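S.K.: Top to bottom, those sequences are chains F and V. Just so we're aligned, residue 1163 is where the first sequence starts under my numbering, counting upward by one. Just so we're aligned, residue 594 is where the second sequence starts under my numbering, counting upward by one.
If you're looking for bench data, these hints aren't it; they were derived computationally from the structure. This one's a predicted model, so the numbers in the text were calculated from it and none came from an experiment. Hints are not guaranteed to be accurate.
Claimed, not checked - Once the Cα atoms are required to be at most 27 Å apart in a straight line, the calculated DSSO-like pairs of lysine-lysine come out as:
1. Lys708/V - Lys615/V
2. Lys1400/F - Lys708/V
3. Lys615/V - Lys704/V
4. Lys635/V - Lys1521/F
5. Lys704/V - Lys1400/F
6. Lys1400/F - Lys1426/F
7. Lys615/V - Lys635/V
8. Lys675/V - Lys635/V
9. Lys615/V - Lys626/V
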Amino acid sequence: MSQTAKPQVSFYHPLRHVDSAHFIDVYMKHGGYARLNQPQLIQQLLTSKFLNRNGISLSSYWSRMALPPTKPRSVLVNMASTEPGMFAMRRMIQRNPHGLIEGLLLAAKATGADQGFLVSPIEDSLLAQTIERALGESHREGLWGDTARWSFDIQHIRLPKSLLYDQDSFLLASLSGQRPGYPHRKEFLCAQPVHIHRAEELYALVAMASERGDIFMSKGTVNSPGVYLITIGGEIAKTTTVEVPGGTTIAEIMAASGHDFSMKDGWLRWGGVLGHWYRPDEIEAQPFEISHQDSFCLRTFQYPLLEWYSDESAAAAKRAMSYFAGDQSCGACLACSRSTTGLSKWSQSEKQVFSSLAKCSFFARACEASEGPAW
Amino acid sequence: MSQSEVAWWHFLSEWADSLQSKQPLKIDELCEKYSLDSNQVKEFVDYFEEDHIDLRPNDLEVCMGSTCRAKGNEAIWDQLNKANNGRVPESQIVIRPSLCLSECDRAPCSKEGSKIRTNEDQNWLNRILRV
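Just chain V, with the same shape it has in the complex (with noise of 0.2 Å):
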């Protein structure tokens, strides 16, 4: 197989490892050990850089698949952000849209953290609302 593939899968798994363990990737010095284009690598990365924006422990993330819009998570999304606008802004949590969760078959769900909270734990969802 080719060097520049090798290398690219080299990168990828580095990319990989480094969005699993939080830690911040060190591009050129990846670009520089593999022999890739830097500019590449990071057109690459900025690309995708939205859909790993880490999510702080009280932050939410919403699924917004066909399943889970169609079993409420609409209604959900629009109960949570009035009850996140009507706290004061210090005590505010950052409420995102996400592509499918791949849980439809415990749907609606989301995200709170790094937890997935499904339909068989509507607890968290009271409690948020609540606060």
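This is chain F alone, in the form it adopts within the complex (with noise of 0.2 Å):
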């Protein structure tokens, strides 16, 4: 008789093979905030090498404002970046809300935040239900806010949806009721200094704080250490999201979404629609290491999306990214006001004038994303 083999567990949704375990009580009693008081588990999450999205670790990101720990500060997570193809993290997000907050409060207690905010996209009102309904059942079961026993305090806050929020700068002047595009000149919300996350980086905090913890930092490399979400999509049958340990080569990236291809045709784009085009075979052999002087290194507006199409489907995702860039761009500089219909017709010395005028990086992306495959 064969034994039914036993499913993959994951580091960021351990609790995915169990029912309802998007209510707090199920999540509770698989061990779902249990270990938010040790002060050794928070003491080893500021010390963690793991890499935040700019390709920092996240004990370098958080010590970056030499603040005393007696001033306020605040933790912001920035659902409202929406970027095509990250359809991932919604998912998740609607699966396992109770993992954010746990991440949330995490990262608060580590930094000693007083404030927290969780940024969502007023155009998904599915997302707001299910994140209000986790703080709600969070609220009432002591675990911040006036009924618990520390000072922490969440809002939840509506953004329409923008790529621009990836530059934080251009989020924290949304947030202040500025139109994006006439940036803040410093990290502050609510007059106080303020870490920004994406949610995936919560659902890590969560895994290394989790009994997995050592295991979870135990794999990737000196330079990548840990394990990271990549989601895998293009022109692929099925769009996947895989848990990768860093130095894990592209190859290998690939083989775990199931699909059957092969590297020596069509192009990989890596970090979304204003991503980096490769030829597969020129990169395949290549470790995964996101820091930030590694070639897989995460930008601004950028994902961590890995995709592959064919060289007719590249065309076509070039053609989108077109139009994505031009409904995207602030306009607040000839450049990017400019870029709806540049992109596909400039010569490569328009566009180094042009970035010459840009305001932000925004522009320059979006010049590299055009590269690569013809139109």
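Using the hints, build the complex out of the two chains.
M.R.: Dropping the structure here:
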């Protein structure tokens, strides 16, 4: 009699196979929120070498503002900077909303934050309802707010969806009522310094704080320790999300998608809609390392999305990029205001001229994303 | 936290509610209630207005994200527009491109009125092309 294969346990969604784990009673029954008050665990997170979206270790990111511990600060989760192809995080939050809140509470404890902000897109009412429900449940359990034993409050703010919010200064400008394109000059919100995270970083904190945290951090390499979430998409049959230790080669990551295709043809795009194009055989043997000096480091407006396209569909993806870039550009400078019509027609020298006029990195990313396959 | 930030967040909340309930937003009343600059609020609402135009039940938005385009939405866009142009004007529907609808794992997808149509349900396309 053959044994039933045990489902592989996920680091980012360990309760994936548990029914109703999106309710707090089931979540807590399976160990959720259990390790919030362990000082040695919090110290461990504070010195973590896990890399955030900018390829900087969390310990470096959190310590970049040298403030006395008595000064107030906040933590913000940016879910309003949505990007085509990154449906995976939306699904994760709908299925595991308490993982997100637990990650926020862990980040708050590690950094001594007094205030937390969850910023979600206005258009996504289903996501907002899920977040509100989870906030209500966790508040009633006394995990934060006026019913808790520590001083930490959470606000849920909804903003119109915009890729530009990936640039922290634009996000903070919008939260202060300014139109994106007139950026703040300081990383402050409510007159407090603020740490800004993406949702997947908070799920990683929960993984590090879990009983399998040591296993989580033992994977990967010295430059990219831990396990990272990558969404694999494009023209493959089944778009999927995989958990990848740092140092895994690109060919192995694509094999994990389950899609049967040859790495000898087509194109790979890393970074999402404003990502960089490669021929598969150029990078299939390269290890996935996202620290800031490595080739797969994610820059502003880029996301952990690896896509494969045939030559024909790569042209369609480039047209999608051009359309998206034109819609999302803020128009505050000449470069962005012309970006819709120019990308498919401009010469390299014209792009360089406009690049010198750009007020942010958005236009530079769009120009880089227009290289590679033919239009 | 500053009063102006709190006021702005209250306004964002009311704006979100008005989008969901399809009720018109009373900008002047909100500005007075929360002491907001009406020019700033109007500029903000106008900036995002095109992103929130209501679809009638038969109107279509075709996702023009990378994955949906790669999996055939450009061809679907052409088919729909060709079929629509062949109708008498009174029975033509509105067909618009859309940014990513966040259903990439079920690409290609589109939005018919308030319903998302994905690769799991291709009958909707045949129905529209047939009429």
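S.K.: Does the structure break any of the earlier hints, and which numbers would those be?
M.R.: Checked against the structure, the only hint that fails is number 8, while the rest are satisfied.
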